[in-house]
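Use the sequences and the hints to build the structure in full.
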Amino acid sequence: MEEIQVTLRLEEKLAVVDLSGDVTSLAEKKLLAAYDKAVAQKAKCIIFNFSSVNYINSAGMSVMITLLTRSQNQGVTLRAFGLSSHFQKIFDMVGLLKYIPHFDNENEARASCG
Amino acid sequence: MTLRAKLILMALLEIILTVSIVGAVIYRESRKEIETLARDLIRARTEFAYALCERYDEPDHQATAELKDEIRKVRIAADGYIAVIQNAPAEQKGVLVIHPIDEGRNINTPEFPHIQEIIQSIDAAGQSDRYAGYKDFIQTTEARGRQGEKKIGYYMYYKPWDWILLSTAYESDIFGRADAVKGRTIIAIAFIGLAAIFLVTLSIRKMFGPLRQLTELTHKVAEGNLDASIVVESKDEIGALARSFNFMLRSLKQNLRISQEFDIARRMQSEMLPKTAPQIPGLRIEACSLPATEVGGDFYDFLPLDGNRLGIVIGDVSGKGVSGAMVMTGALSAIRFAAEENQTTNEILQRSNRRLVNDIQVNMFVAVFCGILDLEKNVLYYSNAGQTMPMLCRQGRVGFLPQSENGDRFPLGIRPQVKFEQMQIALQPDDLLVFYTDGIVDMVNGAVEPFGFERLQESIKKHANSSLHDLPQRLIADAEAYTGVKDHIDDLTLMVVKVDELNAPLKSESMVSDKAVQDDETPGEVRLSLPSCLGYERMAMDAAAAMARMMGFSAERIEDLRTAVSETCINAIEHGNKLNAASRVDVLIRSNPQALTVQVFDNGPGFASATQAVPQLEKKIRGEDDPRGWGLFLVEKLVDQVEFKTMPKLGHVTTLMMKLA
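First to last, the protein sequences are chains A and B. In terms of this note's numbering, the first sequence has 86 at position 86, counting the first letter as 1, and numbering is strictly consecutive. All you need for this note's numbering is the position in the second sequence, starting with 1, plus 1000.
These are computed hints drawn from the structure, not numbers from a lab. Take these hints with a grain of salt, some might be off.
Distance condition first, Cα-Cα at most 20 Å in a straight line; then the derived SDA-like pairs of lysine to any residue [to be verified]:
{"hint": "1", "chain 1": "A", "residue 1": "K89", "chain 2": "B", "residue 2": "D1640"}
{"hint": "2", "chain 1": "B", "residue 1": "K1637", "chain 2": "A", "residue 2": "D92"}
{"hint": "3", "chain 1": "B", "residue 1": "K1619", "chain 2": "A", "residue 2": "R70"}
{"hint": "4", "chain 1": "A", "residue 1": "K98", "chain 2": "B", "residue 2": "V1614"}
{"hint": "5", "chain 1": "B", "residue 1": "K1578", "chain 2": "A", "residue 2": "L26"}
{"hint": "6", "chain 1": "A", "residue 1": "K42", "chain 2": "A", "residue 2": "T7"}
{"hint": "7", "chain 1": "B", "residue 1": "K1619", "chain 2": "A", "residue 2": "D92"}
If you want it as structure tokens, here you go:
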């Protein structure tokens, strides 16, 4: 299994989390750590870049739900871009797109953060 | 406190107590004896003085200076002596006539109460000659620094001279000897005690050696080392325990080996039995086999034959356990091999028999029913080698299939030359065929009356129109209700076939032959056996995707299939096999011109989608529900059909089907 690489780009009140690899249960620690770091730096909008993600399983989606729980409690907005059409469909089936809107590219995602 | 310390302490207490009591008794007795001797001695000295007085009185009735010197010379113990006190006339009463230091002093004074008491006693007795008695008293005056010490005295009255002869000695001088005995006794007690401690400690240490070894051994055994043992020399109870332990370990090793052999046999057997019934249009088939012991002797099989023909086999081996399983696997191999080269059921059985007669032990045999469902001719062909005759339920009536009149009915493996007859019966829509081994009809109740064929027929009639899926279990439940027990002594195997429609094209994936894999136009099959570790699901997912690409599925559907297969495998790895790396998840990917099926087998108890509530994202976000639990939900949404099936003692299978548009 390809371990996930997580890179955090921090800007004023905004953070972009670039993901590369597989989003499975193994990704939980790194993703939560990146999220917490971004929030600690006062980010109010966090954008997840899935462009280099090839595989997301149900455990990986549970990790996204855990992030969502935290973000709702902390008043942080989550955004996503770069998901393949298949995983957009999966996110939609689960209902995640309602809470983590997906955009075609980073610029649109940034624009939505306001 | 350890047992050893307790034992040592107890032994020491006992020794000290015993020796102390014995010592105390000896000391007391010796003190008494010495006191008696001392009193006798003091008395003897007084009587000696009296005798001296008598002797000197004889010639001239004078107490000469010589007599007085004789008396003064007498010594009793360290500071004891004889005093002579004048008792008359009145003016002389109480004056010391003989005394080591105070001669001439009147001691009939309150300063010497014991003297006054003696004088009173003598006077009260009329001052009679030889009047005598003991007088114990306290030294009242300063005498050689011994004031206040206890003294023993014996007095005697010498009438002729009115003398009181009084011998006295200090008690401590007399008992000094007894105290010497006491000191020696204490030393002896201490010596005996120390020797006893040494001996007791030594013997208990020796006694406990094997126990310590036993403790170490149990640790080794707990760590899985069954080759460990203990060297026993002791012949006592602890030695016996150690020897029993060695014996237990040998038995344990043997039992473990037997258990492992059973496990291998069980695996061999379960590998040999079909994991699922074939999916055949127009037919529905269900089967179940419950071994009575860990390894049973019953078996069944489906034989893919050419054309629209499906072979079915049900049988049982005369033995059970490992040997039964070995014969069973041999019989199944022989039948499968024979079915590849023979067209009729009697030929298949005859050919199998020839091989089994040579292969299996003389006292073993295999009873087999072999049938061929020909779905072009809508006929069941069959031959029976000693197996219970299957039943047919048609239009509400249940009866046996017709018995062969001319052919042999021997089980396989007994006689080299047997000639079976192939029978046939035309199939009709709604026919229900029930194939079974003798396990169910031989189940007996408390009065040892078997469930029997008639009750089985009634049971079939009762359940003929209920769900076929659990019909075998319903028939077994009826037999169990009749017998009142759930523990069956024989293996139970049942196979039911329901004819739904006739003349349907028989294009099941179960009919795939090896040849077909090489032909793009015909179905193919891929098998994978995965360790139960997360990550391996990717292999199944990639293999299924590759098969789907070969079959021409769209990229989107291939992606759906990938996720569905991955999630199904994750469930099997995590929930079915509990991440036990030694358990395998078997994946069977089959293709046919209409559809692709993926079957995932695990060893778990299974799960049905109906029992799983649809996950609620909002509840999960609010933390009211586990964020996980999406797998089955996604699988059911991503493929065309999902089926869950649990096979008793064999495990669980999830079948995914994706149809080609």
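Against the structure, the hints come out as follows:
1. A:K89 / B:D1640: holds, 16 Å
2. B:K1637 / A:D92: holds, 12 Å
3. B:K1619 / A:R70: holds, 14 Å
4. A:K98 / B:V1614: It holds: about 18 Å lies between the C-alpha atoms, which stays within 20 Å.
5. B:K1578 / A:L26: Holds: K1578 of chain B and L26 of chain A sit about 18 Å apart, inside 20 Å.
6. A:K42 / A:T7: Holds: K42 of chain A and T7 of chain A sit about 17 Å apart, inside 20 Å.
7. B:K1619 / A:D92: holds, 17 Å
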